[in-house]
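S.K.: Following the hints, position chain B against chain A.
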Amino acid sequence: MSAMAASRGRLAALAERAGHDSPLALARAHSVYAAFAVLIVIDLLFTPGFRNVFVIRNLLFAAAPVILVTLGQSLTIGTRGIDLSVGSAMGLAAAVMALALAGGAWLAVAAGVGAGLAVGLINGGLVAALDINPLISSLALLVAARGTAEALLDGSRVSLPEGGLFDVLGIGAVSVIPIVAIIAVIVAGLVAVMVRTTVFGRSLLFIGANKAAAILAGIKVRRTLLLVYAASGLLAGLAGVFAAARLGASDPNYIGVNYELDAIAASVIGGTPLSGGRVSILGGVAGVLLLQVLGASFIMNDINFSYAQILKALFIVAALYLQRAGG
Amino acid sequence: MAPILETRDVSKRFGAVQALRSVSFALNAGEVHGLVGENGAGKSTLIKILTGFYQPDGGAILLGGEPVHFDSPRASQRLGVSAVYQEINLIPERSVAENVFLGHEPKRFGVLIDRKRMDAEADELLRRYDLKIDPRARLGALGLGLQQMVSIARGVRLGARVVILDEPSSALTGAEVETLFRAVDRLKADGIAILFVSHRLSECYRLCDRLTVLRDGSVVASAATAELPRAALIGAMLGRSAESIHRVRPARVPREATPALETRGLRWRTRVRDVSFAVRPGEVVGLAGLLGAGRTETMKASFGAETKEAGEVRIAGGPVASPTPGRSIAAGLAFLSEDRRAEGIFPKLSVAENLAATALPALARFGFISRKKQDAMVARFTRALGIKAAGPGAPITSLSGGNQQKVLLARCLATAPRAIMLDDPTRGIDVGAKAEVHEAIHLLVEDGLGVLVTSSEMEELMALADRLVVLNEGAVSGALRTEGAAVQDVLDMLAAPHEDAPA
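Protein chains in written order, with the working numbering: chain A, 89 to 415; chain B, 462 to 964.
Next up, chain A with everything else stripped away, as it sits in the complex:
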């Protein structure tokens, strides 16, 4: 009885620290971790072959680029915006990288990341300077960047050279943990610190929470928005490089397709509400892993892909429903 009261008290204290008003809201806000844990336990118990280290490694390889685009997505959603262009920016980054191969692997990677940054800067320019709704500007770039990627490579796949940097990114791993996953987690840590401790991070939360108030408080709204979308593009560029390295080729019709949807779903499931003003980087990473494991579980249990998609959609809706009060 008293133990229960004590734990209740601790929960309430936790809730206060997290800025929520009740233990229920706390549980909802952190449901992504609970759901992830439950899913892992179910898989370990029932899914044949889930314990295989190759499965885990593959999962993490697939998760790394999604984590990167989710980070950028969480920042834009934190400003009460959105970035639909991240998937296409990945495709463009991979295409530009393929064209720059002659200059060596490092230069090619830099060119790819630069292409993603360029998409982000254009997007941010449209949003910050011209006051265009980010849904529209990033939708335009979703189409334009994909089109440019296909045009650059004539719509065909270009193989990346074997060995060197591309092998490090494409197959390199420290025991079961791929190097790209380590990089993604380090970047996530940096972004989390940035959101929590920098003027830039604070400013983007202000803009998302109340743009009119942010303007009156003298926050550099335009500059912050430009940088947020630029960061999202930059991270998408790196994600495109990772995805192409994993595939061993730059394929403008394949790299990054529909990644924006997973990034938005992961951000929101992770506790970054679409209404802006709050960003949860750790939650976003957990959201990505959750969706990846879910997808893998469907495949490994031989669930037809069409049904798997429907189930995934139902899962996302259920997760968001549980979350809605926590947001």
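Derived by calculation from the structure, the hints in this document are not laboratory data. Check each hint, because a few of them may be wrong.
Reference listing, derived: stretches of chain B covered by chain A, where coverage requires no fewer than 3 residues with Cβ under 8 Å from a Cβ of chain A [said to hold, decoys possible]:
1) 803–809
2) 825–837
Label-pair distances were calculated between CB atoms; the ranges are [unchecked claim]:
3) B:S783 - A:S263: 54 to 64 Å
4) B:D836 - A:L370: 21 to 31 Å
5) B:G852 - A:D255: 51 to 61 Å
Glycine residues also receive a C-beta, built at the ideal position from the N, C-alpha and C atoms.
M.R.: Just chain B now, kept in the frame of chain A:
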């Protein structure tokens, strides 16, 4: 003859707020009846009851002498009450004629819209009101004024006997206002009753045959326009009779120094016209004026929250070429918005984050916010202003309105400004918090800040300010020292606009 539309003892309560108390008033055929009152007086509630959006808690509505129930907006419209709002609720993408007949189109064979007949009938209707509008033109291509005329024409076409014009002229240009006035004259001649709601008193005096004043949900005056002089009307609106209320506190002696804040010939659209004033260090200047006189706009144009079209702003003597909020803050000016929710707090964020918002440049090194400096700043202001919160990490929305306001005041002070503009700083907060805000203002002034303040309560403004700058319809119409002055003196100045007096 019975009035066309009448309310008898109509009351309405929202939670703890009594929005209307036994309101009785009558609208006669061929009459333009003005409804005036300050914000929160109950005008909108009354209109929403007359248009069927709200049901009264008590009392009766009579139409042509018969009791009626407007249980929906549709019912009210069907019985002949038509309302035209500032925000047009028609379809801008469709033609004028289509909008006039929206939902009641003339048909052929019962299904096809008879476009020819519709255009012809719309044309005839518009001509009758002296409106030179092509019925085939796209509604959205017309100016806002003409769109309102189309809205009126639609009401008449649907058989309106009562037309309610809710703040029709706020967004109109001079020529459009003239067109509106001509249409109103014509409606009157047709025997239609018009309820004219406006905060522009000169328009009310020009148009209305009769004026009814609401204050705190009650009718406080109702008379023929000729029998209700401006001073009496404003006194009724603000709740001050001719009795003299003198201020007792002696005026502060401002330091004879460079003004903390000064504007010269400030202009913004039609809302701020050639406004010049100066606030010296150590004095409180009150910006007085009725609703819509341009108090908020003057502050926002000075601060750079609105882009001024002409004029000069000097902060502590230094000119700010093209002010933006960021530049003004850096130059030593702070601004507290009247709208705490829409323009003040950052919901979802903590008390500390809300408080420190303007001070980030001072708290940060190389872009990283010093948690230690932030905590120290928050602790200092929490103590100084008596902010009651569970802790610096508590969500701002968990605080009472008064404490939220104190956090926002602290946000203004966190940049150590030379001058501060407080737009109705005690709006909607409880008495205790109000007194604390007053006390804070006195302390600031003693520290040598220049304070520009507004209030929706004239008495409060008189108590706070050393002198008043009076605004009327966007222009400075007078100035007054508050020491020894009575509220009535200010009311007289508000009532006598367009007198050229130096600020």
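S.K.: For every hint, state whether the structure bears it out.
M.R.: The hints, checked one at a time:
no.	hint	in the structure
1	803–809	holds (count 7)
2	825–837	holds (count 5)
3	B:S783 - A:S263: 54 to 64 Å	holds, 59 Å
4	B:D836 - A:L370: 21 to 31 Å	holds, 23 Å
5	B:G852 - A:D255: 51 to 61 Å	holds, 52 Å
Of the numbered hints stated above, none is contradicted by the structure.
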